[in-house]
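Engineer: Now for the letters of each chain:
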Amino acid sequence: MIKTVDLKKSFVGRGQTVYAVDGITAHIQTGEVVVIIGPSGSGKSTYLRCLNGLETLSSGHIYVDGVDLAAKTTDLNKVRREVGMVFQQFNLFPHKTVLENLVLAQQVVRKRSRSEAEAKGRELLKKVGIAEKEKEYPNRLSGGQQQRVAIARALAMDPKVMLFDEPTSALDPEMVGEVLEVMKQLAREGMTMVVVTHEMGFAREVADRVLFMDQGKLVEEGTPEHFFTEPKEERAKAFLKQVL
Amino acid sequence: MNNNSKNMSWQLLTLVILVALGAGLYVATKKIDYTWNWNRVPQYFIYHHEVEHRVAADGRVESIATSGKKSVVTYVNEFDETSMFTVDTEHLNVDEGEDLFAGDRVGSSFSWMAGPLLKGLWTTLWISAVSSVFGILIGLITGLCRIAKNPTLRSLSIIYIEIIRGTPLLVQIFIAYFFIGTVFNIDRLVAGVAALSVFAGAYVAEIIRAGIQSIPRGQMEAARSLGMNSAQAMIYIILPQAFKRTLPPLAGQFISLIKDSSLLSIIAITELSKSGREVITSTFATFEIWFVVALLYLIMTLSLSQVIAWVERRLAVSD
Numbered sequence: 001m002i003k004t005v006d007l008k009k010s011f012v013g014r015g016q017t018v019y020a021v022d023g024i025t026a027h028i029q030t031g032e033v034v035v036i037i038g039p040s041g042s043g044k045s046t047y048l049r050c051l052n053g054l055e056t057l058s059s060g061h062i063y064v065d066g067v068d069l070a071a072k073t074t075d076l077n078k079v080r081r082e083v084g085m086v087f088q089q090f091n092l093f094p095h096k097t098v099l100e101n102l103v104l105a106q107q108v109v110r111k112r113s114r115s116e117a118e119a120k121g122r123e124l125l126k127k128v129g130i131a132e133k134e135k136e137y138p139n140r141l142s143g144g145q146q147q148r149v150a151i152a153r154a155l156a157m158d159p160k161v162m163l164f165d166e167p168t169s170a171l172d173p174e175m176v177g178e179v180l181e182v183m184k185q186l187a188r189e190g191m192t193m194v195v196v197t198h199e200m201g202f203a204r205e206v207a208d209r210v211l212f213m214d215q216g217k218l219v220e221e222g223t224p225e226h227f228f229t230e231p232k233e234e235r236a237k238a239f240l241k242q243v244l
Numbered sequence: 001m002n003n004n005s006k007n008m009s010w011q012l013l014t015l016v017i018l019v020a021l022g023a024g025l026y027v028a029t030k031k032i033d034y035t036w037n038w039n040r041v042p043q044y045f046i047y048h049h050e051v052e053h054r055v056a057a058d059g060r061v062e063s064i065a066t067s068g069k070k071s072v073v074t075y076v077n078e079f080d081e082t083s084m085f086t087v088d089t090e091h092l093n094v095d096e097g098e099d100l101f102a103g104d105r106v107g108s109s110f111s112w113m114a115g116p117l118l119k120g121l122w123t124t125l126w127i128s129a130v131s132s133v134f135g136i137l138i139g140l141i142t143g144l145c146r147i148a149k150n151p152t153l154r155s156l157s158i159i160y161i162e163i164i165r166g167t168p169l170l171v172q173i174f175i176a177y178f179f180i181g182t183v184f185n186i187d188r189l190v191a192g193v194a195a196l197s198v199f200a201g202a203y204v205a206e207i208i209r210a211g212i213q214s215i216p217r218g219q220m221e222a223a224r225s226l227g228m229n230s231a232q233a234m235i236y237i238i239l240p241q242a243f244k245r246t247l248p249p250l251a252g253q254f255i256s257l258i259k260d261s262s263l264l265s266i267i268a269i270t271e272l273s274k275s276g277r278e279v280i281t282s283t284f285a286t287f288e289i290w291f292v293v294a295l296l297y298l299i300m301t302l303s304l305s306q307v308i309a310w311v312e313r314r315l316a317v318s319d
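Taken in sequence, the protein lines are chains A and B. Read in order, the letters of the first sequence are residues 1 to 244 in this note's numbering. Read in order, the letters of the second sequence are residues 1 to 319 in this note's numbering.
The hints are simulated quantities; they were obtained by calculation from the structure and are not laboratory data. Idealized CB from N, CA, C, for every residue including glycine. Mixed in with the good hints, there may be bad ones.
Listed below are the simulated BS3-like cross-link pairs for lysine-lysine, each with C-alpha atoms no more than 27 Å apart in a straight line [said to hold, decoys possible]:
1) Lys149/B <-> Lys8/A
2) Lys96/A <-> Lys244/B
3) Lys244/B <-> Lys133/A
4) Lys126/A <-> Lys72/A
5) Lys3/A <-> Lys96/A
6) Lys72/A <-> Lys244/B
7) Lys69/B <-> Lys78/A
Distance ranges between label pairs, derived from CB positions [claimed, not checked]:
8) Asn39/B <-> Glu136/A: 37 to 47 Å
9) Val12/A <-> Ala210/B: 23 to 33 Å
10) Arg313/B <-> Glu205/A: 41 to 51 Å
Could you build the full structure based on these sequences and the hints that come with them?
Structural biologist: Written out as structure tokens, the structure reads:
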């Protein structure tokens, strides 16, 4: 589904070049749930943002469904409609109602009719459990509700992959559960998911595979049982000691 | 004392100060021996215009058909040509069968006509409205160029903004009229509207740029992650939000534009302030006319800010 080959992403600031992502090669299979964990500043989010072209690559290749994101001829907009993304800060459109948030891109990008897009939007709002809020504006909703709307908004485009960039980090603790529940349901339905998170419980329960990143490099990868019980690398051991 | 009555007493003080200022003005004008002629002002808004109807050649009044306030006079001249005159019955000067000589008055008709002040007001209104529309268009395009990735677009828009903001509007109007107007042979009205639009455009561009940059980056990223291209994201996501934030400064800009349009009098466009000056030359009611002109500008600017405040309240539903 997604192949990354020797991916590098550097930022230039104050005369120095910093590699946020430093040579990652990893593949994500269709239907797989991959959780990326690691300390702050390890490049997890940057890596995730590269996967749908929000960051331009410095070198290396990303193939989404066989399409090379690094190639000049690739239409990134076409790739992005197949790759849904959920942000830490929700990023709902505050000037649109909840339902319009779901409808807009369907109409503009997928060229669906208004009624078709609304039907799809209502169905997804029901799925994430906030059908009754469709006429509210995002600012009236709690953080957890906003994040569930954001997930529904991404799903409305019928993506083949869903990327989650720390979806629960900006939430009050009591709202984390409702968002994770929606994500677990998605995983059960067989959605391909790449999740950057600090929720170790979620990683252990839902992930098919865990990637551990540090300083822009992929340090260790494996099944959750392997990673949480007998990690090989020292840095992974040190990290787990801190968070568990 | 509770809050409410405290507030009341302060308002009372405001009122006392205003009344004192008014009384001061009154006393001051008493001292300079100025005769106020407020009754001469209304006729320069609207007046009853008399049109005299005279015959061009000798002849005879054939018939007079009176219906209410209007009468239709049928007149046959010496060359057997028939002509009709519609006059007010009250101001009918001829009888049926009467012989008339060239230049004789058949009668008069009256109609209400807009006076110079009303015409000037209208000119100011439409010039400001047209300049605002073009100002927004120029400002929007320049504002987008100002934040574009292309260095040429960026530099050109910065140069334009700096030149316009760094020179007086009066000088720009002169250049637009005398230089550009002469070179391209354009009308003074076109030159005036162009000067105002270009001037407003530079300020609107900066307002719009600030508005767009005040929208969090995540909005653009969310739109792009849904597959929208940058133009779609701008149109559907960024600009509507930026518009809402820029409404108050934009309102200020357009209020300035209404007031700045008075500078166009310098290239002989008869807008409100020039009309005022023309009326003064024939009435010598200097004080009255300038107060009236000021009041008319105030009415225009206050109405505009009311309209904008209403739009702002409408857009506030999503907050």
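Engineer: Against this structure, judge whether each hint is valid.
Structural biologist: Here is how each hint holds up against the structure:
1. Lys149/B <-> Lys8/A: holds, 23 Å
2. Lys96/A <-> Lys244/B: With a Cα-Cα distance of about 13 Å, the restraint between lysine 96/A and lysine 244/B holds, given a limit of 27 Å.
3. Lys244/B <-> Lys133/A: Judged against 27 Å, a Cα distance of about 24 Å means the pair holds.
4. Lys126/A <-> Lys72/A: At roughly 40 Å apart (the allowed maximum being 27 Å), lysine 72/A and lysine 126/A break the hint.
5. Lys3/A <-> Lys96/A: violated, 35 Å
6. Lys72/A <-> Lys244/B: This hinted pair is violated, its Cα atoms lying about 37 Å apart.
7. Lys69/B <-> Lys78/A: Between lysine 69/B and lysine 78/A the Cα gap is close to 76 Å, so the pair fails against 27 Å, i.e. violated.
8. Asn39/B <-> Glu136/A: 37 to 47 Å: violated, 60 Å
9. Val12/A <-> Ala210/B: 23 to 33 Å: Given range 23 to 33 Å: holds, Cβ gap about 27 Å.
10. Arg313/B <-> Glu205/A: 41 to 51 Å: holds, 48 Å
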